[in-house]
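Protein chains: 2
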Amino acid sequence: MSKDKGFVSEITPQAEDFSRWYIDVIKKAELMDYSPVRGCIVFRPEGYEIWENIQKELDRRFKETGHRNAYFPMFIPESFFQKEKEHVEGFNPELPFVTEAGGEILEERLAVRPTSETMFGHMYSKWIQSYRDLPMLINQWANVVRWEKRTLPFLRTSEFLWQEGHTAHEDEADARKETMTMLDVYTDFVENVLAIPVIKGQKTPSEKFAGAVDTYSIEAMMKDGRAVQAGTSHYLGTNFAVAFDIKYLSRENNLEYCHTTSWGVSTRLIGALIMVHGDDRGLVMPPKVAPTQLIMIPIGPPKTREQVIAKTDELYAQLKAAGVRVRVDDRSDVSPGWKFNEYEMRGVPIRLELGPRDLENGVCVLVSRITGEKKQVPLDNIVAEVEAALEAAHNDMYNRALQFREENFYSVETLDELKASADEKRGFALAGWCGSDACEKQVKDETGYTSRNIPFETAETKTKCLVCGDDAKHTVVFAKAY
Amino acid sequence: MSKDKGFVSEITPQAEDFSRWYIDVIKKAELMDYSPVRGCIVFRPEGYEIWENIQKELDRRFKETGHRNAYFPMFIPESFFQKEKEHVEGFNPELPFVTEAGGEILEERLAVRPTSETMFGHMYSKWIQSYRDLPMLINQWANVVRWEKRTLPFLRTSEFLWQEGHTAHEDEADARKETMTMLDVYTDFVENVLAIPVIKGQKTPSEKFAGAVDTYSIEAMMKDGRAVQAGTSHYLGTNFAVAFDIKYLSRENNLEYCHTTSWGVSTRLIGALIMVHGDDRGLVMPPKVAPTQLIMIPIGPPKTREQVIAKTDELYAQLKAAGVRVRVDDRSDVSPGWKFNEYEMRGVPIRLELGPRDLENGVCVLVSRITGEKKQVPLDNIVAEVEAALEAAHNDMYNRALQFREENFYSVETLDELKASADEKRGFALAGWCGSDACEKQVKDETGYTSRNIPFETAETKTKCLVCGDDAKHTVVFAKAY
Chain H
649 MSKDKGFVSE ITPQAEDFSR WYIDVIKKAE LMDYSPVRGC IVFRPEGYEI
699 WENIQKELDR RFKETGHRNA YFPMFIPESF FQKEKEHVEG FNPELPFVTE
749 AGGEILEERL AVRPTSETMF GHMYSKWIQS YRDLPMLINQ WANVVRWEKR
799 TLPFLRTSEF LWQEGHTAHE DEADARKETM TMLDVYTDFV ENVLAIPVIK
849 GQKTPSEKFA GAVDTYSIEA MMKDGRAVQA GTSHYLGTNF AVAFDIKYLS
899 RENNLEYCHT TSWGVSTRLI GALIMVHGDD RGLVMPPKVA PTQLIMIPIG
949 PPKTREQVIA KTDELYAQLK AAGVRVRVDD RSDVSPGWKF NEYEMRGVPI
999 RLELGPRDLE NGVCVLVSRI TGEKKQVPLD NIVAEVEAAL EAAHNDMYNR
1049 ALQFREENFY SVETLDELKA SADEKRGFAL AGWCGSDACE KQVKDETGYT
1099 SRNIPFETAE TKTKCLVCGD DAKHTVVFAK AY
Chain X
649 MSKDKGFVSE ITPQAEDFSR WYIDVIKKAE LMDYSPVRGC IVFRPEGYEI
699 WENIQKELDR RFKETGHRNA YFPMFIPESF FQKEKEHVEG FNPELPFVTE
749 AGGEILEERL AVRPTSETMF GHMYSKWIQS YRDLPMLINQ WANVVRWEKR
799 TLPFLRTSEF LWQEGHTAHE DEADARKETM TMLDVYTDFV ENVLAIPVIK
849 GQKTPSEKFA GAVDTYSIEA MMKDGRAVQA GTSHYLGTNF AVAFDIKYLS
899 RENNLEYCHT TSWGVSTRLI GALIMVHGDD RGLVMPPKVA PTQLIMIPIG
949 PPKTREQVIA KTDELYAQLK AAGVRVRVDD RSDVSPGWKF NEYEMRGVPI
999 RLELGPRDLE NGVCVLVSRI TGEKKQVPLD NIVAEVEAAL EAAHNDMYNR
1049 ALQFREENFY SVETLDELKA SADEKRGFAL AGWCGSDACE KQVKDETGYT
1099 SRNIPFETAE TKTKCLVCGD DAKHTVVFAK AY
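If you read the protein sequences in the order shown, they are chains H and X.
Whatever position you read off the first sequence (first residue = 1), add 648 for this note's numbering.
Whatever position you read off the second sequence (first residue = 1), add 648 for this note's numbering.
Looking at chain H on its own, in the form it has when it is part of the complex:
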């Protein structure tokens, strides 16, 4: 692992400056670096490997739910964006354009894709003729670009990596079912793989995807109380089908428009898992996506070194064969104490300390990054011990994140109450909303809180709008968001 020029020697405490803490840990742990292009980062191997593990888990789930991957061109003719009115309004301000190529000025400018509803729409109109071709269920893993004014590594960058699913269906019921299936896939993944509890719900009209009929999201709470939208799933109705002429011959022999959906998650999940789990010592990686799940550190005096390393290698081979992502740090020019700090900072969930006396007694010391708990474990059962410790670490992380969210989830009746709490508290506020854009906008203007979503499940149902006091149509989660 290489050293960095401008190496960050200290990590700013979270309570002092959460944003500084975030930048300190991701730089120090070598997850990313800034690039010479505005708002674009380099995903370094330690950061990219998290994404690879995310991809593996999600891709399996997509395939199990009947989807196949494909790859569509990243350049999109400018005219395509004009075809869906809301879509162009939503994305036009953020588009980069290729205007010259191969030494010539292009006749039509090409946008670099911010999302691919238009390109999929164009191709689907060629591929879909009959109900027999439906549903069409395609996903792509790709880079996308949105020329953002304010950027933050992983959470908001000009170029980022994501997956975008695009599906076409015979009718609304089937498309809505797909929309919910994928929201459930995301929920399962984020909760059970990333150990992040989420709130499932529907976006308000002002926050929905440009061109969607309905947008659904999962929202997660960071350790500074802010929200991150961790995944979205859109029911697009026939909006893109009409714009791109995606029609099929129905079972009743009528020519009908398809109902389409799209859904995506991105590399912002990396930012989210850091901000949910990290602490003042550095990263805390969820075991199921951690590049290194287990670090083994041989200790003891030089004269026992050979024998300790031999035993370590033997255990390493066993763990590796069992599928554990394990590394050994047997360098002799850095102290065990330095290594302990280093791998704590990098967020490795489990550490094994292997000393000569313990090994003689057939045990070693297992230390949890999450709880700090140390315990002796028998070597002859090492794989099961490590697997149980990883499972426990995942559960600890999820429960801590859930507890934190519950402690920072409150309820307000009026805008004044929200204003007051926005100054002293952090977290998510539950409030009633009449459904008007004006009231929603007033909340945003006066508090900086935006509506995150209208949760599917909530312990409390509000009856009055926090702004105008009229009857509440919805109970909404408001928060400051990344």
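Among the hints, a few may not be true.
A pair counts as met if it fits within one copy or between any two copies, since identical chains are not told apart.
As the list claims (entries may be wrong) - Distance condition first, Cα-Cα at most 25 Å in a straight line; then the derived SDA-like pairs of lysine to any residue:
#, residue 1, residue 2
1, 711, 811
2, 797, 725
3, 704, 969
4, 711, 810
5, 1073, 928
6, 1022, 1064
7, 711, 789
By construction, these hints were calculated from the structure, which means they are not laboratory data.
Using the hints, position chain X against chain H.
Here is chain X on its own, set in the frame of chain H:
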């Protein structure tokens, strides 16, 4: 599987028009479609899945040889290309430029990456300080763009997918070792996974990568006798290290330039495997990357249907569990004969026909797409039978491709001989070459043949240059190339 507007009902025979045959099969088998952007194709699921299988196999090999993946920005400031003289000359004519973004004209134009030596170089100069940071071994899977005048699906498209490895080393010896290791990884992969025999060798100076000291390639022969460069590995010397200031403190405490390498393969491998293995009935997929390795087709009269399908499902589950990529086509509205043709056209290596009488006798019929051989195999040993058949199919394909190459590999003494043979023959020609650019250019101008590489191993060593008759410095493989 969807039907296509403009569905190709017939496949042009290879002998009649090889290019037409190629387009016919890739369209009919739904591997790709043309996009509305010039020279950019859509990789449809059937085509993209080949790439996914290629990625899986290669990625494992990269990691086993010590590399890690990362992701670098696709936009590269124009000024970066100016820093390495040969590099800018080589790539400038093909660059697309983003000149506007977010509604504003950019101060510096951004190229969309054609390859990333410059961006890696810039970042490596920040990350590498000491010999302890070396070697730095990073790969990325990415899309790249080269604005090509003449395009051909998979083989030459404006946007394509590839991997690019970029490594930095202490000295020439270590960098040259890496260059050869990766050429060997490619050779192993292309021969043992794609079943394509290749010729390993060094590119002549006029054909080397823009900015490299030496370029090495593997070259494969298509069924029309043309060559496809299937992979390249470059020793870049200190060219990019000097241009981007990639220096390290050596073991002797001196500040030294790194020696760097780069190496890549792309989605053109999909085109190559089609052109090497396909025949007049359609695709023939190498078993190790085939999206479907085995198709199971239940046959027999309606009254036995239920029982046949029950048994098919049971066998399917066994094969699936064993890791075979198997599908069942139990549709009752298309005939077995239609299905046989369909999956032959799609190149599925093995077909199982499951009829009621055979099943009663505990057997089924296994048909090889490659040899056409049919044989009865016992059901109680089906996994081993299928695995053996897939292995045999791979070997048959490799041997046929090798035999074809040997039959179309000839030797010439003079340019006149090459000119004559270029008209009547197809294939690769071995000839002596004095080493001058002028002679090489004359071969190209008068025959359309280009030097493919200087093979590491050759049965014959030429002593005279085919053009000028001077002493030959090298024995070179010449061919028409895609």
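Quick rundown of the hints versus the structure:
Proximity of residue 711 to residue 811 under the C-alpha cut-off of 25 Å is found in both arrangements, the shortest distances being 13 Å within a copy and 24 Å between copies. In the homo-oligomer, the alpha carbons of residue 797 and residue 725 lie at most 25 Å apart both inside one protomer (23 Å) and across protomers (19 Å), since each shortest distance falls under that limit. With identical chains, the CA atoms of residue 704 and residue 969 are at most 25 Å apart both within one copy (19 Å) and between copies (19 Å). In this homomeric assembly, residue 711 and residue 810 come within 25 Å of each other (Cα to Cα) both inside a single copy, at 16 Å, and across copies, at 23 Å.
Proximity of residue 1073 to residue 928 under the C-alpha cut-off of 25 Å is restricted to the intra-copy arrangement: shortest distance 20 Å within a copy versus 72 Å between copies. When the C-alpha separation of residue 1022 and residue 1064 is checked against a cutoff of 25 Å, the pair qualifies neither within a copy, at 48 Å, nor between copies, at 81 Å. For a Cα distance limit of 25 Å, the shortest separation of residue 711 from residue 789 qualifies both inside one copy, at 13 Å, and across copies, at 21 Å.
Violation of the numbered hints given earlier is confined to hint 6; every other hint is satisfied by the structure.
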